[in-house]
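Engineer: Chain by chain, the residues:
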Amino acid sequence: MAAVAAVLMLAAALGSDPILQVVTGLDIAVLRALSRLRTGPGIDLAEGVAALGSDVVVRTVAWVTLAVLVVTRRWRHLVGYVVITLTTTLVVTELALALGRPRPTDVLVLGSWDGYSFPSRPVAATALVLVAALLTVVPAGSRRVWGAMGVTGLVAAVAVARLYLAVDHPSDVVAGAVLGALLPLAAFRLFTPDDVFPVTYRRPTGAHLELSHPRHQAIVRALDQQLGLAVESVELFGLAGSAGSTPLRLGVRAADGTRGDLFGKLYAVNHLRSDRWYKLGRTVLYGRLEDEKPFSTVRRLVEYEDHLLRLLRDAGLPTPAPHGFVEITPEREYLVVMEFFDGARELGGEPVGVSEIDSGLRVVRQLWEAGVAHRDIKPSNLLVRDGQVLLIDVAFATVRPTPWRQAVDLANMMLVLALGSSAEAVYRRALRQFAADDIAEAFAASRSVTVPSQLRNRLRAEAPDLIAELRALAPQREPVTIQLWSVRRVVVTGGLVVALLLAAGLMAAYARLAGLA
Amino acid sequence: MSRHRGAVRAAVAGVLLLTAGCSSVEPRVPGCDEAARLALVAQSVPTSSYVPCLRALPTGWSVTGFDAARGGTSFELLSDRADGRPVEVRLQRRCSTTGASPEPPRTAGGRTYLLLHSISPRYTGMLLDVFPGGCVTYRFDFARGSHLALMEELFATVDLLPRRQLRLELRRDLDIELGP
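Respectively, the protein sequence lines represent chains H and Y.
The working numbering numbers the first residue of the first sequence as 1 and each following residue consecutively.
The working numbering numbers the first residue of the second sequence as 1 and each following residue consecutively.
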């Protein structure tokens with residue numbers, strides 16, 4: 001920041017004619033000395049190098065950086081990037097206008113130029129976009145160190161080329177480089193310190209949290225203090241099947257010294273945000289299919305899941321026994337703890353037998369009788385142990401659902417079971433527990449949107465006609481429409497469109513102000 | 001402590017955004033008494049024997065654009081009586097006078113031409129000041145009626161400073177040698 005202050009002081013000093021004369025005298029002396037070194041090939045080379053600081057190159061680097069930040073969803077870096085490019089561009093432009101310094105005189109100017117000379121806008125812009133890209137796109141460590149050396153070399157090359165062509169004074173390029181490089185450096189250190197907001201491309205699937213050492217310690221401590229559990233190990237478990245939380249396998253030692261496992265689901269604010277966006281998306285795309293109201297806090301979310309676990313256990317469903325939940329960070333991170341189904345495997349990985357079909361259908365029957373819909377029946381949420389189907393992940397379940405939602409649960413269960421057997425076998429066994437009309441309604445309500453994405457992908461890959469086969473077996477029934485319009489859907493959709501237009505307008509204004517358009 | 005730091009960061013970001021968002025880079029055309037700024041205009045066409053500059057802007061006029069680059073300088077002047085259509089003034093190395101009618105010259109050793117595209121319902125066209133090593137064009141589009149007063153104000157506002165005079169001022173005041 002001292003260097004930036006020095007540049008601003010120099011700019012102020014150049015407003016005084018005597019100081020301007022002295023600085024310009026020194027500048028011209030350097031430029032004259034450089035002009036004596038000019039050769040034909042040297043001029044060609046300098047013109048080529050100076051082109052690295054052209055508007056086209058600068059804009060390309062800036063837009064690529066912005067695109068990377070959007071794709072990698074580093075929103076904080078993106079906001080920092082927008083603020084600092086806007087601020088630096090305006091500082092450089094305002095300084096140039098305030099000072100109104102002409103291009104070098106007394107030396108033959110060879111390259112193209114645009115606007116006042118101090119500070120050098122192309123050098124500032126080159127340094128700005130390269131340093132900002134380095135700090136927001138390149139991970140810290142050796143790659144960034146090498147990158148910094150490359151950026152320094154590039155900016156220096158552009159600066160020297162412009163001096164060789166005498167389009168800028170030496171003081172112009174120094175001021176441009178200092179402002180362009182140090183303002184973003186200081187800003188990103190302040191807003192996105194690496195230890196808190198690291199640049200990383202290791203992106204976990206779904207909304208999973210990293211099991212860092214401090215988080216590991218906090219989990220062990222919380223389980224000990226709040227649930228009296230002596231936890232010996234904490235490890236990530238079954239990440240592929242869980243997008244809405246971070247699943248953990250907890251190794252626990254009981255008072256008698258025996259060791260067992262528990263299953264934990266870690267919820268944080270990012271899971272809450274994912275849940276909100278997921279529900280918002282469904283509201284816009286399909287209307288209010290069911291209860292799409294998001295949870296207001298992480299605490300509410302875990303309280304709800306713990307409650308559902310207890311409710312389903314009381315209803316006799318084969319769900320994990322609840323062990324309560326613990327608070328890791330108040331209002332930010334919570335861990336729901338439940339029974340770990342040791343020795344169970346995912347349903348559908350192997351051929352599905354009659355006992356498993358009956359057991360799976362019985363789960364739906366029990367859900368119906370308990371007045372609950374699971375709403376996320378898919379292979380990864382159905383485990384099998386000793387021929388019995390076990391139901392996990394009840395976070396999306398709802399009490400007193402619509403008949404439509406209950407019918408969808410039945411359709412999804414039949415699809416999972418039929419994937420490992422056949423449509424006909426599942427249909428025949430289903431008639432023992434459900435009326436033919438129930439099954440007809442289930443497949444009249446079944447659409448691509450009602451099938452969880454994991455199940456949908458497997459159907460597409462393994463049995464694309466399975467829904468049609470099951471529908472054909474059941475009595476004919478008109479399809480149930482799922483596009484529901486409501487005031488809320490219209491308002492939310494309109495709001496989203498306005499927000500997108502506003503964002504596009506802001507982006508256009510930013511591009512114009514930052515000189516990127 | 002971390003909450004305090006977060007608030008400080010948010011405040012700094014807000015101030016920066018407000019500064020950036022509220023700043024509007026006002027274009028500014030060099031006045032005829034601003035030798036250092038006029039040097040840039042002169043450098044844009046090194047052969048030009050005259051340099052366009054601004055006298056005091058009449059009431060209701062404003063500058064809406066200024067761009068000086070190697071090869072030429074252009075700026076826009078807008079009157080609040082011109083229906084949002086600015087006059088575009090451009091200094092360049094040469095310009096074509098084909099179809100233009102001679103007018104009384106505005107510069108010693110130069111010629112002035114007028115090229116009218118229409119006189120009704122709007123008074124549109126281009127005035128050209130041609131002098132050794134360069135020329136200045138003025139593209140205008142005024143409503144008929146107010147055009148006489150606007151043309152008069154325009155030419156009272158944009159003056160042409162001899163390069164020789166500018167060179168002397170730069171040498172005397174700033175010890176700068178304006179080439180060639």
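Note that these hints are calculated values from the structure, not bench results.
Please read all numbers here as calculations on a predicted model, not as lab measurements.
Ideal placement from N, C-alpha and C gives every residue a C-beta, glycine not left out.
Honestly, I wouldn't trust all of these hints.
Here's a subset of chain Y near chain H, in silico, CB distances under 8 Å, partners left out [what the hints assert, rightly or not]:
id: 1; residue: R28
id: 2; residue: D33
id: 3; residue: A36
id: 4; residue: R37
id: 5; residue: A39
id: 6; residue: T47
id: 7; residue: A68
id: 8; residue: R70
id: 9; residue: G72
id: 10; residue: L148
id: 11; residue: M151
id: 12; residue: E152
id: 13; residue: L154
id: 14; residue: G179
Engineer: Compare the structure with each hint and give your call.
Structural biologist: These are the hints, each one checked on the structure:
{"no.": "1", "hint": "R28", "result": "holds, 6 Å"}
{"no.": "2", "hint": "D33", "result": "violated, 13 Å"}
{"no.": "3", "hint": "A36", "result": "holds, 6 Å"}
{"no.": "4", "hint": "R37", "result": "holds, 4 Å"}
{"no.": "5", "hint": "A39", "result": "holds, 4 Å"}
{"no.": "6", "hint": "T47", "result": "violated, 14 Å"}
{"no.": "7", "hint": "A68", "result": "holds, 6 Å"}
{"no.": "8", "hint": "R70", "result": "holds, 5 Å"}
{"no.": "9", "hint": "G72", "result": "violated, 11 Å"}
{"no.": "10", "hint": "L148", "result": "violated, 34 Å"}
{"no.": "11", "hint": "M151", "result": "violated, 29 Å"}
{"no.": "12", "hint": "E152", "result": "violated, 29 Å"}
{"no.": "13", "hint": "L154", "result": "violated, 24 Å"}
{"no.": "14", "hint": "G179", "result": "holds, 6 Å"}
In summary, the numbered hints that this structure violates are 2, 6, 9, 10, 11, 12, 13.
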